[in-house]
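Just so you know, the sequences run in chain order A and B.
Residue 1 is where the first sequence starts when you use my numbering, and the numbers rise one by one after that.
Residue 1 is where the second sequence starts when you use my numbering, and the numbers rise one by one after that.
Worth flagging that the hints you see were computed from the coordinates, not collected in a lab.
Beta carbons are placed, not taken as given, at the ideal position from N, Cα and C, and that holds for glycine.
Some clues are possibly wrong.
Said to hold, decoys possible - Some residues of chain B that are not near chain A, with every Cβ distance over 12 Å (derived):
hint, residue
1, 51
2, 87
3, 187
4, 301
5, 305
To be verified - Which bits of chain A does chain B cover? Going by a derived footprint, with three or more residues having C-beta under 8 Å, they are:
hint, segment
6, 34 to 47
7, 55 to 62
8, 132 to 140
9, 301 to 307
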Amino acid sequence: MSRRHQNFRNYRQEQRLTQQRVLAAVVFVLLMAIVLMARLFYLQVIEHDLYQTKANDNRVMLVTEPPPRGLIYDRNGLVLADNRPIHSLTVIPERVESFPKLKQMLSGIIDISDDEWEDFDERRKEYRRPYQSLTLKSQLTDEEWAKVSVDLYKLDGVQVEAQLTRYYPYGEAFAHAVGYVGRITTKDLETVDKLAYQGALFIGKTGVEGFYEKTLFGEAGLSKVEVNARGRIMSELERQNPTPGKDLHLYLDARLQQYAYDLLGDYTGSVVAIDPTTGGILALVSKPGYDPNLFVRGISVNDYATLRQSKKLPLFNRALRGGYPPASTIKPFMGLAGLEYGFSSWTERYFAKGYYQINPNGRRYRDWKRTGHGWINLERSIIESVDTYYYQLANKMGITPIHNFLTRFGFGQTNLLDLNGESGGLLPSNEWKKAKYKEPWYPGDSVNVGIGQGFMVATPVQIASATSALASKGHYFYPRMTQLVGDEPAEFADGLGDEHDIVLKDQRNWDRMIDAMRKVVTDPHGTARRLQGTDYEIAGKTGTGQVFSLQEDQEYDADALEKRLHDHALFIGFAPARNPKISVFAIFENGGSSSKPADLTKALFDAYLHDDYPARYDYLKGDKND
Amino acid sequence: MTDSFYRRALSFTNARLWQLVHIDVLLMGSLLLLIGGGLFILYSASGQDVAMVERQVFRLVIGLLICVALAQLPPKYMRRASPALFIFITVLLVGVLLFGVGAKGAQRWLALPGGLRFQPSEIMKIVMPMMIAWYFSDRQLPPNFKQILAVLGLIVLPVLMIAKQPDLGTALLVAVSGIFVLFLAGLGWRYILGAAALAPIAGYALWQFMHDYQRQRVLTFLNPESDPLGSGWNIIQSKTAIGSGGLYGKGFLQGTQAQLDFLPESHTDFIIAVLAEEFGMLGCGVLILAYLLVIARGLYIAAYAEDNYARLLAGSLTLTFFVYMFVNIGMVSGILPVVGVPLPLVSYGGTSIITIMATFGILMSIQTHKRAR
Chain A
1 MSRRHQNFRN YRQEQRLTQQ RVLAAVVFVL LMAIVLMARL FYLQVIEHDL
51 YQTKANDNRV MLVTEPPPRG LIYDRNGLVL ADNRPIHSLT VIPERVESFP
101 KLKQMLSGII DISDDEWEDF DERRKEYRRP YQSLTLKSQL TDEEWAKVSV
151 DLYKLDGVQV EAQLTRYYPY GEAFAHAVGY VGRITTKDLE TVDKLAYQGA
201 LFIGKTGVEG FYEKTLFGEA GLSKVEVNAR GRIMSELERQ NPTPGKDLHL
251 YLDARLQQYA YDLLGDYTGS VVAIDPTTGG ILALVSKPGY DPNLFVRGIS
301 VNDYATLRQS KKLPLFNRAL RGGYPPASTI KPFMGLAGLE YGFSSWTERY
351 FAKGYYQINP NGRRYRDWKR TGHGWINLER SIIESVDTYY YQLANKMGIT
401 PIHNFLTRFG FGQTNLLDLN GESGGLLPSN EWKKAKYKEP WYPGDSVNVG
451 IGQGFMVATP VQIASATSAL ASKGHYFYPR MTQLVGDEPA EFADGLGDEH
501 DIVLKDQRNW DRMIDAMRKV VTDPHGTARR LQGTDYEIAG KTGTGQVFSL
551 QEDQEYDADA LEKRLHDHAL FIGFAPARNP KISVFAIFEN GGSSSKPADL
601 TKALFDAYLH DDYPARYDYL KGDKND
Chain B
1 MTDSFYRRAL SFTNARLWQL VHIDVLLMGS LLLLIGGGLF ILYSASGQDV
51 AMVERQVFRL VIGLLICVAL AQLPPKYMRR ASPALFIFIT VLLVGVLLFG
101 VGAKGAQRWL ALPGGLRFQP SEIMKIVMPM MIAWYFSDRQ LPPNFKQILA
151 VLGLIVLPVL MIAKQPDLGT ALLVAVSGIF VLFLAGLGWR YILGAAALAP
201 IAGYALWQFM HDYQRQRVLT FLNPESDPLG SGWNIIQSKT AIGSGGLYGK
251 GFLQGTQAQL DFLPESHTDF IIAVLAEEFG MLGCGVLILA YLLVIARGLY
301 IAAYAEDNYA RLLAGSLTLT FFVYMFVNIG MVSGILPVVG VPLPLVSYGG
351 TSIITIMATF GILMSIQTHK RAR
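Full structure from sequences and hints, please.
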């Protein structure tokens, strides 16, 4: 300190100056402290609710637990779609240090294919909840399970998880009826509650599995969990247990289904059996089928290609979507139409030549019998399946009455109450032809429709349900698969599940027509006389559907034709004729003669009505003794 | 007589005994209150990591030892050493720029033999006010214009070097510690108002000088929601923690933001958010009150210190300590940009605890070495 300055300095004043400044600082500090407290007040009191919500949104997450899927039973309590515990190798990616290392370690323990790794890597990159396990290999064998379990302690993030998978014990004969579940795709998620399906392994795709997805799925369990910033679950806050899916009890009779499938032999084709008293579908066969179990955990590319490329179209549901000419099986309905509109009567006689002509010099529409049937009436036209009778009848009626009448039996529309993917077939009309071909309806078009050919196309389910309507004398139920949902009778929208009556102007015509169909079997000239010798009465009608058109005078020579060009063989029938318990439609594609579907139908009647199946079907008996 | 000796020895109010060991009881008491509360919060903020709390206690003990040791040193020695210290640390800062080590693109440390590291800028927080106070110690107050310019020159050089490391938070605190001396020395109000008017221009100049990541911090501060998962995450989560705490908090160890790791840096820079979440506005009020107690005692010591050097140094160190706290709480609560300033004596971490405890050692020395009047 320099002495020179000291003389001029007023230390007290300097001290006072600094003290004043300290006082100013105190004021500054207090003001700033108030600013901080004001800020805290703003955040913690005024905006508290907002931040409280934000904090809860941060920490609370909803996690779903998939419910056990409802089972599907046949009418006798046999399980057609089961849940089976499996063990899968799953990985929590967040816990894995290095995937190449894991891959190497696992390769020494069990076989994991490149496909499985690729699939796993792909799913790993998709968005998912952190710390959620991903399946690496599903359905471990007991041996694999044992091997992995021994080394599990060395494999961070790897675990063996027990899961329920879907299992179809009876395979391909049931595939088109019961359907299958498959892996959930992004498209599936557009139609369902995403949250509910989080953690679910599969979703119903086709058949009953597809239609009743919601019912079978049940309600997913929801738990509110607390997660940390990395998404790891720390604790469970609230829990709502899953509600298991409801079981379905079908009308289907497993033995009848399998028997019908087997009876088709090597032919492709379809069989649909309906109980006319309920509309319940007893058998819904489309052959060939496929193993639905292939689809449950994702079908391999190879398996799928094989199914897709097979010429027999195993994935095609013929029963629901197969478009066939109903051929002569349409005749009973056509006859009833003629009666309804006064174009025919039971007594009126008709001389059946070997062909029919609209105009004297016009095209000859040939009868299946070259020599003709001579003098016949409506009843005999059914018994002997006289084509020319229906040519002239259809020509007289024209398409509009035919269209209107057949519509009442469900032709040209979908009828199944509880299966998706049914095709409506084609019941042609004036308007339809105008729209489609920009051409008027010609009389020749009617003539072809008269014997169920030409433009007309129907599905097996359609023909079967029309047959069922006929069997019940118009006291009709829409066809359906499901009897009980849980313990309750299945319910359908708009009362569609209820019976409704098709009322004819003369209700006696039902009995007369059924009688005529009975005589198709009993009459010495009946086209199904081979079915004689049963202790119950069968009413039926044969049919052979042309796969390609013969030229006018060309002879149909089965031997010379490739099998794929052979006529389709069809049969409709119900029994017992006066009190029907079962009605059947059967088609053998390219089966040639209708004896094949007729024999099949009789075999089904024998078995069903007497509960007398070949012993080899005992495994499908179910445990319900009714 | 023995009885009376013990009573006197044990009594905290026995001023003479504490005078003897150069400890200011009121300052030490309020510091211990703050430290104790801080450890309590740290236990929760660290996820009940006892080992971490133990390491913090170890640092605090070292800090307290340094505090007590410095308190034994009379202020006049400090004054005499000030210019040499200032030059020494400034040289070290040059060294940091040339040979410094660090992380994340910042060079802040000098490597010492034995794997130790040393951060000269941290020491500058104390040495800067010492230097300026020394400058004014033999000059008449208030300072004239020439002196003001000289002092600003002394401040600017080290501050620029620290900012260049880059360490904006420390640079600002060092600058502030020097400016506070100027203010306490009686810097004319017209200068202060003039500087306030020039602040926007200075701000622009500063912006030009900033690194990208520093600019990013400022931008994030202005609008944290612009990048909620990136640089805005910290501030959004800390505001959520504070706001959700409400008036009384969620309870000790019950803060979901802190305990479930939503709050980043919860045991270091953002520790106040843990307190705010678990003890609410009430808890924060108590903590701020504890700080104000320390600051009040510090300003009292400054006001009644023996000479200009002691007054200016004590006042500046105390106010810098306040700025420390204010900047930290301000940034965590979203009224200041995130500049990486820890909450003094409460945040987990080494260097700042040592320098801050050294600060209070100097304050105690100033208070306890006064000649009896």
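We went through each hint and held it up to the structure:
For residue 51 of chain B, the non-interface assignment is confirmed: its Cβ lies about 21 Å from the closest Cβ of chain A, beyond the 12 Å cut-off. Chain A leaves residue 87 of chain B outside its interface by the beta-carbon criterion, the shortest separation being 20 Å against a cut-off of 12 Å. At roughly 8 Å from the closest C-beta of chain A, the C-beta of residue 187 of chain B falls inside 12 Å, breaking its exclusion from the interface. For residue 301 of chain B, the requirement that its beta carbon stay farther than 12 Å from each beta carbon of chain A is not met, with the minimum near 10 Å.
Some Cβ of chain A comes within 12 Å of the Cβ of residue 305 of chain B; the nearest lies about 9 Å off, and the non-interface call is violated. A stretch counts as covered by a chain when three or more of its residues have a beta carbon under 8 Å from one of that chain; for the segment 34 to 47 of chain A and chain B the count is 10, and the coverage holds. Judged by the Cβ-Cβ criterion of 8 Å, the segment 55 to 62 of chain A is covered by chain B as claimed, because 4 of its residues qualify and three suffice. For the segment 132 to 140 of chain A, the proposed coverage by chain B is not satisfied: 0 residues have a C-beta within less than 8 Å of a C-beta in that chain, short of the threshold of three.
Evaluation of the coverage hint for the segment 301 to 307 of chain A: breached, as 0 residues show C-beta separations to chain B shorter than 8 Å, against a requirement of three.
Hint check: violations occur at hints 3, 4, 5, 8 and 9; the rest are consistent with the structure.
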